[in-house]
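Line by line, the protein sequences give chains A and B. Residue numbers for the first sequence follow this note's numbering, so the first one is 6 and each next one is one higher. Residue numbers for the second sequence follow this note's numbering, so the first one is 116 and each next one is one higher.
No wet-lab data here; the hints were simulated from the structure. Every residue, glycine too, gets a C-beta built ideally from N, C-alpha and C. Treat the hints with care, as some may be off.
Calculated cross-link-like contacts (lysine to any residue; reagent style SDA-like; alpha-carbon spacing at most 20 angstroms) [stated by the list, open to error]: (1) A/Lys-595 - B/Asp-184; (2) B/Lys-125 - A/Asp-510; (3) B/Lys-125 - A/Ser-638; (4) A/Lys-595 - B/Ala-183; (5) A/Lys-320 - A/Ala-659; (6) B/Lys-125 - A/Ser-621; (7) A/Lys-467 - A/Gln-385; (8) A/Lys-595 - B/Asp-123; (9) B/Lys-118 - B/Ala-219; (10) B/Lys-125 - A/Asp-591; (11) A/Lys-595 - B/Gly-134; (12) B/Lys-125 - B/Thr-170; (13) B/Lys-331 - A/Asp-510; (14) B/Lys-125 - A/Asp-620; (15) A/Lys-595 - B/Gly-181.
Pulled from the structure, derived: some chain A residues nowhere near chain B, Cβ distances all over 10 angstroms [said to hold, decoys possible]: (16) Asp-133; (17) Glu-172; (18) Asp-690.
Chain residues, written in single-letter form:
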Amino acid sequence: MNERLTNLRQRVRQRQQTDERTTPAPDVWAECEAQKLGWMQRSAQRTRRMCEAERPVIWPEERIVFTRTIPETPPIYTESQIAEMTRGRILHELGPISNICADWGAVLADGLLTRRRIAQAARQRLADNPEAVEFLDAAIETIEAVLGLAARYAEAARAAGRRDLAEILEHVPAQAPRTFHEALQSLRLLQAVVWLSGHYHVGLGRFDQYMWPYLWADLQTGRLDLPAAEELVADFFIALNKDSDLYPGVQQGDNGQSLMLGGVTPRGEDAVNELTSMVLRAARDLSMIDPKINLRISTQTDLELLSLAAELTRKGLGFPQYSNDDLVIPALTAHGYDLEDARNYTVAACWEFIIPGKGMEVVNIGAVSFPHAVDQAIRQGLRQNEDFDAILERIRTNIRDQTEARLADYRKLFLPPAPYYSVLMDGCLATGRDLSHGLRYNNFGLHGAASANAADALAAVKRFVFEEKSLPPAELIAALEADFEGYADLRDALSHQAPKVANRDALADEMLVFLFDCFADACEGQPPNPRGGILRPGTGSAMYYVWLARGREAMREPVVGATADGRRSGDFFSANLAPSLGVRADSPLKVFESFSKIDYRRICNGGPVTIELSDSVFRNQEVIRKVAMLVRSFARMGGQQLQINSLNAETLFAARQHPERYPNLIVRVWGWSGYFCELAPEYQDHIIQRCLYQMAE
Amino acid sequence: MKKGIVFDIKEFAVHDGPGIRTTVFLKGCPLRCSWCHNPEGISPKPQILHTPIGTRLAGEEYTPRGLADLLNQQATFLTENEGGVTFSGGEPLFQADFLIETIALLDEIHLLLDTSGYAPTQDFARLAARVDLIYLDMKSLDAQVFRQYCGGDLAVILANLEQLKTMSTPVVIRAPLIPGVTDSIQNMTAIARAAASLPTLQRVDLLAYQVLAAAKYPLAGLSYNPGFDEKRSPQIHGETFDKAGIPWRVV
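Extracted from the complex, chain B is given alone in its bound form (with noise of 0.2 angstroms):
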């Protein structure tokens, strides 16, 4: 069996989805947001963090049974509180195989995949038909602003919006507002274009960016450099998803 390596399993989780969610952070992303508030998640090794309470493991091995039986154990729980358990990370494509194991083994429960989307559309397709909803990160549509600040080629994420297309799977656009970076009008209407290409799209949620982040990069022994304004406050253009019909929410 395939092993996995989760950097953190948080239960409680009432901002991953609906109902109470149990959410699993799987280690390892192949972007480089400048952003990113789970820089522990980057790496795909496990890693000891610095915190101001003593030291940390970030990163745990798991057997695909092992990561099941866990979850399943909180399966009436989670299921009683109308919800169920997210994939997250990291990049939870970025461990497909073990993914699609341990989604094998769970007993009935609403899945949620919270994915970045850049994977490779073959990963992305299998994993998208075995979960029940999808947070689907949309950063930048700009293929010039996506590898200067994530460090990836955008046509991937394009491949597997057109293959989402084709499915049946619900999905939910998360766009994480970086002031001057991803907050234009010109990125949100090409979101909001992409958004309602989707014929499963539920709604779009705008990320206000979140300063607490740079707390976290000395844990990881890495360095907060990114590359733009972070306490200037995000723009917030609703009215170009009013005007495509689009549901949408600040969160």
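Okay, chain A solo, but in the shape it has when bound (with noise of 0.2 angstroms):
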């Protein structure tokens, strides 16, 4: 990294940027009142007003620009008015669309202008349809929003001397990108305003793909040389980093900026190219928490690009995360997803699988509580001498009904317009019908939480109480009523002699597969939702393996008192697919052999294999390429998905005592990367606790 970079990458980090949030937020709430606005039209509205009054900062050293200088996404109906006009319906989480991805490579090449015309033809031949017309006329509103503050922006660069970025916000996002400098700008301003708009969890998709005609044409006239370009990257990556602390997640750094690299073309091809290794190395040398990179790998993935991906988790940032085309495309194929689709996917905020452009998909509408239903099963089975069959069945029913109790709640889901969003996907414009209405794809997908404490509980059971008979059913629910109060020696054995996930235990492993084959029952059962989507079972946690164990205000999901594996009450579960935490899993291989067995035909949400390395297992280059290695066997074992985290337990402790002293000690915490000291103490003792007990050194 050249000077500018680094001091550019300082001030961000200082967060100078904050001292430009001086513009008041439009009170675009009054003004649609007074216009008596509907909700299309108030989206709009708000994207215009934001635009408007967004104030143009151009710093010296900058070379993309946009800096928020609103910190507030101002309101367009009030929280009454929302219940009222929802009433029966539920929102998801914060309600804007959220946690898909545009089709950043078509908008970009179009150019809005081009994407106006199109809107325009369609307000013509749609001319007698009021609800195309108005969802058009709200679309070439933002159109144009984006585009005066795009001029804006120049007149800003001309007066501030700075003919080059004016001439290139004078063309871009109108027009087509002429460069690899241009698109970047274009990209920056486009995704800057669907923040702008309300919305969150706002993706990059495949940016190896889509911006690589730019800037193979740039090498080809030597306008850039390969530094040159790294260095635009960097630019572009920093300038990510602005305004994350304006964007609502469960934890700061929770904002879904997600990336993907590599992966084959939509026909099949190796899609790997130059700026595949370029983002990965700019990404290392940055260490920031945006974007969050993720890698598609296969079993052919070239071991140089794996250990340039490696040398990115050997920084601790928590990423890249690995995803393996061998066994997503065909999940994809096998849920519905054209082929060409699939093999396009990309990854929503955390890890599961969307397509650009053409998904409105909510990939995260809750969770199943797998440690619920073993505990409910092991509970009420033991109490009427049931024998295991007849607790296994009690899990499949549980699971079932908790399932059908997720989708519910969603068949009643109710999706606000989103024009702006709507612009950059694929075919809205052209039938006239905002994304709200769905897109191709209008699929639901639902978390398998705490998987492996739940089948080391019911392991445990097998062994203890069925196979050995060397626990008595009553002991046992005592126990656990007790929360293991004088029950030492039971939650020691139950701890630490019982078979576990990650340990190379035929039953453990089987009991884990056992409950993802009743999830994928559960799931497959269902009706289609309303917009003839299917659920699509995974095996991510999110934030759940802290709420299912603790609870949380107007969760749906059941919380969990203490469990048969010798979790006490109110103890953390793994996260995604891990060990239970305390367990010695000593071994990588023994996690991957494991979490293989899971059937990811079925099992296609999307939910990472997550381990921790000790950092001092990066000791030199040529461990870097070991852990690459490392990778590519898991591919070759059959995983789906994998994030390594690289940690150092003593750094975390120490920053604990002295936040002030690492400010920029990044953690992965569950499909995300932030600032450790930026987050709550149940997440940074979770990271904690994960790292007592990691591989390897």
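Put the two chains together into one complex, using the hints given.
If you want it as structure tokens, here you go:
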């Protein structure tokens, strides 16, 4: 990194951009009320008024501009109005459309003027359809708002003597970029306005695919060489970090700016290019929490590329996250995705597989609590003197009931109109339909949370109660109800002598597979959702490893107390696919072996196997290559998704004590990375516990 | 069949030789190095470790067949990843018969013997002939220092060095840099000379001393009295090896 970038990065890390946040938010609600606007129009009004109110900011060292000056996103309805209008319905999370991926490649290539022409043509054609007209007018309003914002940035650039920037901003995003630099600036502005419009978890999709033609052309003509291009990528990434504290999420850092690399093209050819490795290098050198890097791999992935990815892992950022094309693409086609679309998958905010431009999917409608299913079955079944098969049947029923309950909530889902986001999608303008009415893919996804704890609990009961008969059912129930108070020996046996997932134990693994088979059966048995989509079962936990253990206001999922794996009430579950906390899992291979047994043709919503490696593993370049080989082995063993964290327990303890000394310490939390010192204590605790049992060295 | 005592089998071992390896730690050691970082490997008997997260038994009995079966299951994976099996300890030669029997039952796989060289020459020679690479510890070539800090007779090691000169197995010399004990210019010069005399020498690894070892002693019911200033950084006399034309690195 050169001096300019170092300074710019430093400036953003010092949060100097927050000094620019002096513009008051327009009172969009009052304006909308006065004009008696509907929801569609209000959405457009907010996008337009935010674009109009934004004051251009151009720092001298910047080459990719846009800085938020309005810290808030003003409401378009009051809370009570929204409650009134959505009575009998539910909103997903905060309400606005989130966690999808725009068709960035097509939007860039078209430019907004072309998109406006498409919208105008459709408006003429659909003049008799008031709903289409309303949507298209709103969409055109947002397009013009973005063009206006770009024009004001261009003027400001001229005024600041930045002819370079002015010429770029006079051309994009109105028209197709002529250069890689223009493409990056266009993307920055187009994506920033999605945030301004109140959306969140705004993913960046397959950056190395849709950006490559622009870079390739510049390299061909000699306009750019590789170092100059990499510098621009770094500029763009720094810009993505400027406003991320304003983005809503469960925790600071949970902002869903995911970026996908590698994989195959829609035609099935190797998609890795010069930009793939350039992004990995830039992210490594910057070491900032955005964007969250993902890499698509297969058994064929080049070890050099994996080594570069491992260098990024070494930085301790918790990414890249790897997705295995060999498993993901067939799973998607088996679930109704066209082959070309499946090959074009990216991930949502965390890990869920989605199709850019074509998915209006809600990939996280909630979680099935496996520990709850197992715990209920154990307590009730043992009380009734049932045999083990009857307990399994209870689990199957419970998982189905939980699945149906989560889906029942979402049958009432209301998606608010999103005219600007629709501009960026495939086909909305041509058909005159807002994306909230659905796109090509409208599936739901459900997390299958805390599976390792649940499988361990079930395996312990099978072994001790039914096979060895060393544990009387009444004693186990009493111990669970007493939260193991007075049952220290039993708890020790359950914790340390029972079969465990990730320990090359056939029984524990069998229970794990059983749970996911039940989950897949439950999802496959559901009728289509109101927009024709299916329900995809996943292996992620999101924040449910904390919530299912400790409860959370307004949470629909059940909370569970002490569990038969020796876990006390309130103790955390493990995140995603990972051995239960406190289980000695001393080999990543054992972890891979257990979790590779899950049937990923059916379990297709994503959710990574998560392992922690001590930072002392990464001692030299030779080891980097070995970590790369480990990732390749993961693909060969049939793993679906993988996330490797490099952590040091002592550093985390120290950061807990002296946060002021560790402002740059980055950790992976569940599907995203954030600054350790900015996390709530329970999430900090979980990370510390995870790495107390970390593997290797 | 001779049974062996193993105190750990570490998979995804990335610092114990080429590629991804599985390292078998054999229990029992004839030496008593004051800086030993595997104190649970010293006693030849199984023992209970008291760790902050509960007790754990260190030391499991294996038959050669049992251990070989376990390792053979991993052979393909290890070979695919340019690695193999490392036998470490304790002192693996302390259980030489068990090791010989086990190796005889292994599939085709790269084997590394990580040894102090402190064993009867006969044992050393037959094991050295059966492996693909030897990591040979060279702590101090001063008989007095070796006796004081490691509790052994240096002549045993010198005899095995002589033996090694007649063999074709590649060897890496591993020299732990113990501040004020082994990191002197005199010792490094002696090690460089000894290393240069080995026809199959690949390189010398200088092992920077790890403070972490201290934490493991109480677990094994031992107290840690290293007898040197562990906070001091070791001196690194790379020039000694450069002069002798010996490849070296710090690990």
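Hint check results:
no. : hint                  : verdict
1   : A/Lys-595 - B/Asp-184 : holds (16 angstroms)
2   : B/Lys-125 - A/Asp-510 : holds (17 angstroms)
3   : B/Lys-125 - A/Ser-638 : holds (17 angstroms)
4   : A/Lys-595 - B/Ala-183 : holds (18 angstroms)
5   : A/Lys-320 - A/Ala-659 : holds (18 angstroms)
6   : B/Lys-125 - A/Ser-621 : holds (16 angstroms)
7   : A/Lys-467 - A/Gln-385 : holds (15 angstroms)
8   : A/Lys-595 - B/Asp-123 : holds (15 angstroms)
9   : B/Lys-118 - B/Ala-219 : holds (14 angstroms)
10  : B/Lys-125 - A/Asp-591 : holds (7 angstroms)
11  : A/Lys-595 - B/Gly-134 : holds (18 angstroms)
12  : B/Lys-125 - B/Thr-170 : holds (19 angstroms)
13  : B/Lys-331 - A/Asp-510 : violated (28 angstroms)
14  : B/Lys-125 - A/Asp-620 : holds (17 angstroms)
15  : A/Lys-595 - B/Gly-181 : holds (18 angstroms)
16  : Asp-133               : holds (65 angstroms)
17  : Glu-172               : holds (51 angstroms)
18  : Asp-690               : holds (15 angstroms)
In terms of the numbered hints stated before, the structure departs from hint 13 and from no other.
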